[in-house]
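Participant: Protein chains in written order, with this note's numbering: chain V, 1120 to 1318; chain W, 140 to 368; chain E, 547 to 942.
Don't take every hint at face value.
Stated by the list, open to error - Result set (EDC-like, lysine to aspartate or glutamate): computed pairs, CA atoms no more than 16 Å apart in a straight line:
no.: 1; chain 1: V; residue 1: Lys1156; chain 2: V; residue 2: Glu1282
no.: 2; chain 1: E; residue 1: Lys775; chain 2: E; residue 2: Glu751
no.: 3; chain 1: W; residue 1: Lys316; chain 2: V; residue 2: Glu1311
no.: 4; chain 1: E; residue 1: Lys924; chain 2: E; residue 2: Glu938
no.: 5; chain 1: E; residue 1: Lys549; chain 2: W; residue 2: Asp234
no.: 6; chain 1: V; residue 1: Lys1155; chain 2: V; residue 2: Glu1282
no.: 7; chain 1: E; residue 1: Lys829; chain 2: E; residue 2: Asp850
no.: 8; chain 1: E; residue 1: Lys548; chain 2: W; residue 2: Asp234
no.: 9; chain 1: E; residue 1: Lys743; chain 2: E; residue 2: Asp757
no.: 10; chain 1: E; residue 1: Lys585; chain 2: W; residue 2: Asp234
no.: 11; chain 1: V; residue 1: Lys1156; chain 2: V; residue 2: Glu1311
no.: 12; chain 1: E; residue 1: Lys775; chain 2: E; residue 2: Glu788
Claimed, not checked - The calculated label-pair distances, taken between Cβ atoms and stated as ranges, are:
no.: 13; chain 1: V; residue 1: Leu1309; chain 2: E; residue 2: Ala569; range: 42 to 52 Å
no.: 14; chain 1: W; residue 1: Leu330; chain 2: E; residue 2: Asn678; range: 32 to 42 Å
no.: 15; chain 1: V; residue 1: Asn1288; chain 2: E; residue 2: Lys548; range: 53 to 63 Å
no.: 16; chain 1: V; residue 1: Leu1309; chain 2: E; residue 2: Pro577; range: 42 to 52 Å
no.: 17; chain 1: W; residue 1: Leu330; chain 2: E; residue 2: Leu567; range: 35 to 45 Å
no.: 18; chain 1: V; residue 1: Pro1180; chain 2: E; residue 2: Pro647; range: 42 to 52 Å
no.: 19; chain 1: W; residue 1: Lys310; chain 2: V; residue 2: Phe1123; range: 33 to 43 Å
no.: 20; chain 1: E; residue 1: Thr739; chain 2: V; residue 2: Ala1169; range: 37 to 47 Å
no.: 21; chain 1: E; residue 1: Lys548; chain 2: V; residue 2: Val1253; range: 26 to 36 Å
no.: 22; chain 1: E; residue 1: Asn623; chain 2: V; residue 2: Glu1190; range: 27 to 37 Å
no.: 23; chain 1: W; residue 1: Lys310; chain 2: V; residue 2: Phe1184; range: 22 to 32 Å
no.: 24; chain 1: E; residue 1: Ala569; chain 2: V; residue 2: Phe1184; range: 47 to 57 Å
no.: 25; chain 1: V; residue 1: Val1253; chain 2: W; residue 2: Lys262; range: 27 to 37 Å
no.: 26; chain 1: V; residue 1: Asp1248; chain 2: E; residue 2: Pro854; range: 46 to 56 Å
FYI, nobody ran anything at the bench for these hints, they're computed from the structure.
Using N, Cα and C, we set each Cβ at its ideal position, and we do this for glycine too.
Residues per chain, in single letters:
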Amino acid sequence: MEGFKSLVVILLSSVLVNNYVLARFLGICPFLGVSKKLDQAAGMGISVTAVMLLATLVTWPIQHFILDPFELGYLQTIVFILVIASLVQMLEVILKKFSPALHRGLGVYLPLITTNCAVLGVAINNITDGYNFVESLVSSLGCGLGFLLAMVLFSGMRSRIDETEVPKNFRGVAITLIAASFLSLAFMGLAEIVNNLIG
Amino acid sequence: MKKDGNLSVLLNGIIKENPTLVLILGTCPTLATTTNVFGAFGMGVATLAVLICSNILISLLRRVIPDNVRIPCYIVIIAGFVTIVQMLVHAFIPDLYDMLGVYLALIVVNCIILGRAEMFAGKNSVGRSALDGLGMGIGFTLALCSMAAIREVFGAASFAGIAIPALENYKIEFLVKAPGGMLVYGLLIALVGIITAGKAPKKKSFSCAGCPGAHICGSSDCAKGKEEA
Amino acid sequence: MKKSIRSIIVLVSICAVVSILMALTNSVTAPIIAENDAKNANAALLQVLPDGGSFETVDMSAYTLPSTVTAVYRASNGGCVVQLTTSGYSSGMVIMCGINPDGTVSGSKILSSSETPSIGGEAAERFAPTLNGKTAGDIETVEIISGATKTTAAYRSAVKDALNTALILGGASIDTRTEEEILQDNLDSALPTAQGKFTKHFFVEVIEGIDAIYTADNNAGHVCVLGEKFVGVDNEGNALTECTEDEAQTVKTAIETINATATELVDLSAYEGLPSQLIQAQKSATGNYIIEIKAAGYGIVGGDEYHPASGEYIMVRVSITADGRIIDCLTVSQAETEGIGDACAKESFYGQFDGKTEADYTEIDAISGATLTTNGYKQAIGRAFDCVKIFEGVNS
């Protein structure tokens, strides 16, 4: 029961309190780049969640059964990024072969994920936070869902911005970042609520 | 791409194609490490070091590396340099290491570095690549420091950790929080847009130009980025 | 084919070269990093034990230490630093405490805490210096801070554990069990068939030579306490523990007495002037009374912003002889502030009333930090005496 509660806390805090995009600034590039339309935003979010889970599934055992016993901790960054890159490649090949429909939907986002710092970030953070295997998976799921949530909400905001008259120099990135700032502000409020709930 | 003079290669990264404020690359560290000028400067210099080293090595190896495995090769080289920088910082500037945390390792996925490898170092001579890395790195560092200066001075009433007593009672703490970072970044980009109006290359949308996936990516922005490239 | 082989060779050789470079850097930086870490850890230890010199980690498995202790470091000057995590109320505070070679506190601080930073944390910071120089013997004389009683009480008890740890490291054997744990251990060895569950018998008659009787919840028998001795007996009063003939006779009489004791309810409506707090009264065949009465403690008359009042009375059961001497006293239920007033539910508090009369019942030791609880309790006992006088028709 105690263990289950701590998993819920990890999940909630990684979705709402420490939202990767809006509170920890990981994965900003796709957040700004691929959030123009709802379907794109959702596709990217789902792909990232899937890759995060897969990456943790592989990197956690590598860290604890290979790198740590052989004192190769300094290889962490290089091994993790290669694992993520290969996973993304494999996922793309597999999707292309077995589910062309899904590949048409999500395939375009996959190559972008290799350089998505949120994925590498979650893999490294799971190690530094000292999570066990199950906790790591839950935390990855939470981070992915948090990313998806932020993407979907933000795509809604951006569709509104497109319909408004924005001062010339603010068009494009500037107004997008300012809008993102408001979404981040809203999440700060949410974080406080969650903190009080599970305090 | 027409061949510019060496000086313009250097200045290009600092002003005209400033990676942070004009190309909008490396947004994650820009937002995450600019609550403190010390941290921002450290992040900038660490990135600069990785950028120069990886640009030089990749340019040296540009005729050796086969095209089909170039991205993995670039990633390995960059990750190697990042880890080396990470270890050096951990050993010699532990305060900075604690401050930057995971973002130090995440230099690996900073689009600026992979972007410059793909766009410049893979196609140009060693000297020009080094200059390009230096310019881009300085541009990145300057942008980070100016943003950190705004956030730290007005948000925390201090500069590089040294308190400014005159502002002690006028702190806008919002600025050092997550949303404040996005707001300041947005305003700075708009400001740069006003200052360089007409001079800088018109950058209407997000750059995917440096993104290694640009040629596969279906998004309309990326297609545009590809054309520009 | 040739192309892909070349690709693989290039990729692998780049990997190899980069790995070698990294290994080289690592071999240079790793010792420096390790040294820095050790220096930082040492600096934290020196903060609480400035004269400590250098430190080495103590193998905790070699000693029986208080359960709150999480790490122990032995200093080269003969002192030690103990790291503890508080448990119970105010749990989760991580405290580091330095002990001088002479067994006094050299310093202590909170490493991390889930306490409300503005109240508990700040109070603990103010509280820590007052403990410096104290020993295991006199640390409990330090007054806890009102308004943050929970935090400071937990802090004081953690520092006491640290002091005991230092004594244990020095070779002293200290029983780190709490009073409750000692009692439970004694009961278990006297009557193992009870499987660890006992209820204390509430005396209605004065039984000579017996301090307490614990009845097994599973009806396996009783344990009689004769001073230091715990004697297990069956339901008929036959001693199961080895004991002298006199002791066997005493416990036999005791069990027969409690088996034979019958009580009947007193009709309260037959009397006038009874206090409204009185809930129930019983009278035994031998003329003693069992009074159940409400006591207005902190839960009724207290309450502040940190520790709100619960709105609950303390329920007290007390048996009194017809001529006004307390036989036994017990707290049936209470909802006083955790960690402070709730000590009224401990035998160390209510046990003090045994044998007292109206003349001297107020002379008991108050619960530290819980004046309102103690006063409310005493008032209730006083009213119980009044009840007995009314039942017996004595004019007060």
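Participant: If a hint holds in the structure, say so; if it doesn't, say that too.
Facilitator: Now the hints, each set against the structure:
Under the criterion of a C-alpha separation no larger than 16 Å, the hint pairing Lys1156/V with Glu1282/V is consistent with the structure, at around 13 Å. Between Lys775/E and Glu751/E the CA atoms are separated by roughly 21 Å; this puts the pair beyond 16 Å, and the hint is violated. Restraint check for Lys316/W and Glu1311/V: satisfied, since their Cα atoms lie roughly 14 Å apart, inside the 16 Å limit. Among the hinted pairs, Lys924/E with Glu938/E is inconsistent with the structure: their alpha-carbon atoms are about 21 Å apart, more than 16 Å.
With a C-alpha separation of about 47 Å, the suggested pair Lys549/E and Asp234/W falls outside the 16 Å cut-off, and the hint is violated. With a CA separation close to 12 Å, the supplied pair Lys1155/V and Glu1282/V stays within the 16 Å bound. Taking the CA atoms of Lys829/E and Asp850/E, the gap is about 40 Å. The hint is violated against a cut of 16 Å. Using a Cα cut-off of 16 Å, the hinted pair Lys548/E and Asp234/W is violated, with the two alpha carbons roughly 50 Å apart.
Restraint check for Lys743/E and Asp757/E: not satisfied, since their Cα atoms lie roughly 19 Å apart, outside the 16 Å limit. Of the pairs offered as hints, the one joining Lys585/E and Asp234/W holds, with about 13 Å between alpha carbons and a cut-off of 16 Å not exceeded. At roughly 29 Å between alpha-carbon atoms, Lys1156/V and Glu1311/V are farther apart than 16 Å, so this suggested pair is violated. Using a Cα cut-off of 16 Å, the hinted pair Lys775/E and Glu788/E holds, with the two alpha carbons roughly 10 Å apart.
The beta-carbon spacing between Leu1309/V and Ala569/E, approximately 45 Å, falls within the hinted interval of 42 to 52 Å. Range check, Leu330/W to Asn678/E: about 55 Å between beta-carbon atoms, so the 32 to 42 Å window is missed. Look at Asn1288/V against Lys548/E: about 55 Å separates their beta carbons, and that is inside 53 to 63 Å. The hinted range of 42 to 52 Å is satisfied by Leu1309/V and Pro577/E, whose Cβ atoms lie roughly 45 Å apart.
For the pair Leu330/W and Leu567/E, the supplied restraint of 35 to 45 Å holds, since their beta-carbon distance comes to about 41 Å. For the pair Pro1180/V and Pro647/E, the supplied restraint of 42 to 52 Å holds, since their beta-carbon distance comes to about 47 Å. For the hinted restraint 33 to 43 Å between Lys310/W and Phe1123/V, the CB-CB distance of approximately 41 Å keeps it satisfied. A hinted range of 37 to 47 Å for the beta carbons of Thr739/E and Ala1169/V is inconsistent with their spacing of about 59 Å.
Lys548/E and Val1253/V have their C-beta atoms about 47 Å apart, which leaves the hinted 26 to 36 Å range violated. Distance hint check: the CB atoms of Asn623/E and Glu1190/V are about 34 Å apart, consistent with the given range 27 to 37 Å. Against the hinted window of 22 to 32 Å, the Cβ-Cβ separation of Lys310/W and Phe1184/V comes to about 48 Å, which falls outside the hint. For Ala569/E and Phe1184/V, the Cβ-Cβ distance of about 20 Å falls outside the hinted range of 47 to 57 Å, so the restraint is violated.
In this structure, Val1253/V and Lys262/W break the distance hint of 27 to 37 Å, their C-beta atoms being roughly 47 Å apart. With their beta carbons about 36 Å apart, Asp1248/V and Pro854/E fall outside the hinted range of 46 to 56 Å.
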